[in-house]
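Asks: In order, the protein sequences belong to chains X and G. Heads up: the first sequence begins at 1 in our numbering, then just goes up one per residue. Heads up: the second sequence begins at 1 in our numbering, then just goes up one per residue.
Please note that the accuracy of each hint is not assured.
One copy or two, it doesn't matter: identical chains are merged, so the pair holds either way.
[Unchecked claim] Think about it this way: if two alpha-carbon atoms lie no more than 30 angstroms apart in a straight line, the pair counts; the simulated BS3-like pairs of lysine-lysine are:
{"hint": "1", "residue 1": "Lys-265", "residue 2": "Lys-49"}
{"hint": "2", "residue 1": "Lys-119", "residue 2": "Lys-84"}
{"hint": "3", "residue 1": "Lys-265", "residue 2": "Lys-84"}
{"hint": "4", "residue 1": "Lys-49", "residue 2": "Lys-119"}
{"hint": "5", "residue 1": "Lys-265", "residue 2": "Lys-86"}
{"hint": "6", "residue 1": "Lys-265", "residue 2": "Lys-46"}
{"hint": "7", "residue 1": "Lys-84", "residue 2": "Lys-46"}
{"hint": "8", "residue 1": "Lys-84", "residue 2": "Lys-49"}
{"hint": "9", "residue 1": "Lys-86", "residue 2": "Lys-46"}
{"hint": "10", "residue 1": "Lys-86", "residue 2": "Lys-49"}
Treat the hints as calculated values from the structure; they're not laboratory data.
Here is how the chains run, residue by residue.
Number of protein chains: 2
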Amino acid sequence: MPSRTVFVVSDRTGITAELLSHSLLSQFPDVEFNQITLPFIDDDDKVAKAIRQIDEVADSEGHRSLVFATFVNRQYLTRLMTAKAKVIDFFDAFVGPLEAELGVPPAWRIGQAHGIVDKARYASRISAVHYAMDSDDGVNVANYPRADLILVGVSRSGKTPTSLYLAMHFGLYCANYPLTEDEFERDELPNILQPHRQRVCGLTIDATRLQQIRAERRADSDYASLRQCRYEIENAESLFRNSNVPYFNTTSISIEEIATTIISKLGIRREMLG
Amino acid sequence: MPSRTVFVVSDRTGITAELLSHSLLSQFPDVEFNQITLPFIDDDDKVAKAIRQIDEVADSEGHRSLVFATFVNRQYLTRLMTAKAKVIDFFDAFVGPLEAELGVPPAWRIGQAHGIVDKARYASRISAVHYAMDSDDGVNVANYPRADLILVGVSRSGKTPTSLYLAMHFGLYCANYPLTEDEFERDELPNILQPHRQRVCGLTIDATRLQQIRAERRADSDYASLRQCRYEIENAESLFRNSNVPYFNTTSISIEEIATTIISKLGIRREMLG
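Taking the hints into account, I'd like the entire structure generated from these sequences.
Replies: See the structure below:
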């Protein structure tokens, strides 16, 4: 398999450039990429050092390097362009066409993408993360009237990471509630969730996958037995169907996909905060 | 202030397109953008419906719409291009140049960016989130030998959201430990942290900002008084300096900036997982 060193270079965090580079490079699965991220390249010395590092790799690999960049400081980008590299700058590609489309010049302000643009908005994001922490795993049910949504499912069906993602990136107040054997007998949504049923979303998972996840936590326990996993999942799915709660299977999808699917299913207005 | 409706359209989650659009649009602070995200546009009917929605907005606003897209299915993109819109497709712009640079064709595989590409990698990300949850606020110190890093600071200095971000996006095992008055007398890193001091990073914050954050939690308490906030912060900073722990002020930077700064300061190999 051919391999290439890829640099992600930015005068800020480099997070946007790194995520975009992953999206793009994932379309070339037959090349092995070795990624080096250089964030906060925000003075002349750092730019010079980055160029030296990029050039050294180009010399040692025998071809120019590949660089994904996001620079708000255009002088630094211009200098970076002199490196022995194919430089793809995400702002460079799109800000020009956007300027033409919008009819106004760009501000070239630093720190907009992941900076604190709006203090109230930022504070609400932090509050949402603390809310998700404080409302994890069925605790603080008194918080539920404040919830934007409540995730329900058996232990280790993906509720906690998804709640945190929804809080962190969408500022949503997300509680989560574990279904346990006590609740299966009634085959209905637990009473505590009834007043909030419009905001409840169920998560389910394949029994074999659940068994693996639980075994990592408590090997050789009844909790992690395939029999127990099957029993809980069948009952949870029956409960979701019976109480008309939307639910879906999270086995082969990522946290990002789970989170955005939930937002779509519940019809929540979506806006990412970072 | 002029306003524009912006569509984010994707046959997957749309997360990459949404983040990119935020980065780009933040460079045009004098335009008010109203964003509509249409994820999972993955069949002919959904494409047709998206085009109708985009065209309606164009007609009502009196100019073409602005669309940020990421489509792995190129037929859907081609159809979307017929909408009354300026369509910026992120793959379209860069996959061609990358193909030329790498000398191999793109796979156009769906679900690579935020899908579960590598099960082991994905499982480690989930484990890291659970580790951060279980090691929050000084609990389970027995877990510290497993930590990639330990964040230290006074209550509400930003430790918890940062720990979760580092876990979620970098797969790092991050614990956090709150500094309390008991620890200030010695003016040294608490004993429990001594064996791990190479992996400790301190967070500090302006007293006035800390006061605001604490007041939201417990208004009119001694905990939220400016005097108490000042006292704790001064002592925490003294402790960091005295014990040679790297630390920095988080007051006016975002979770993303805090997280990437920590990774840089501790010299941790950085690779985002999603």
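Asks: Does each hint hold? Answer for all of them.
Replies: Evaluated hints:
1. Lys-265 <-> Lys-49: Between copies only: 17 angstroms across chains, 48 angstroms inside a chain, cut-off 30 angstroms.
2. Lys-119 <-> Lys-84: neither (41 angstroms within a copy, 35 angstroms between copies)
3. Lys-265 <-> Lys-84: Intra 48 angstroms, inter 28 angstroms, cutoff 30 angstroms: inter-copy only.
4. Lys-49 <-> Lys-119: neither (35 angstroms within a copy, 36 angstroms between copies)
5. Lys-265 <-> Lys-86: between (42 angstroms within a copy, 28 angstroms between copies)
6. Lys-265 <-> Lys-46: Intra 46 angstroms, inter 15 angstroms, cutoff 30 angstroms: inter-copy only.
7. Lys-84 <-> Lys-46: Within. Shortest intra-copy distance 17 angstroms satisfies the 30 angstroms Cα cut-off; inter-copy 44 angstroms does not.
8. Lys-84 <-> Lys-49: within (13 angstroms within a copy, 46 angstroms between copies)
9. Lys-86 <-> Lys-46: within (19 angstroms within a copy, 37 angstroms between copies)
10. Lys-86 <-> Lys-49: For Lys-86 and Lys-49, only the intra-copy Cα distance (17 angstroms) is at most 30 angstroms; the inter-copy one is 39 angstroms.
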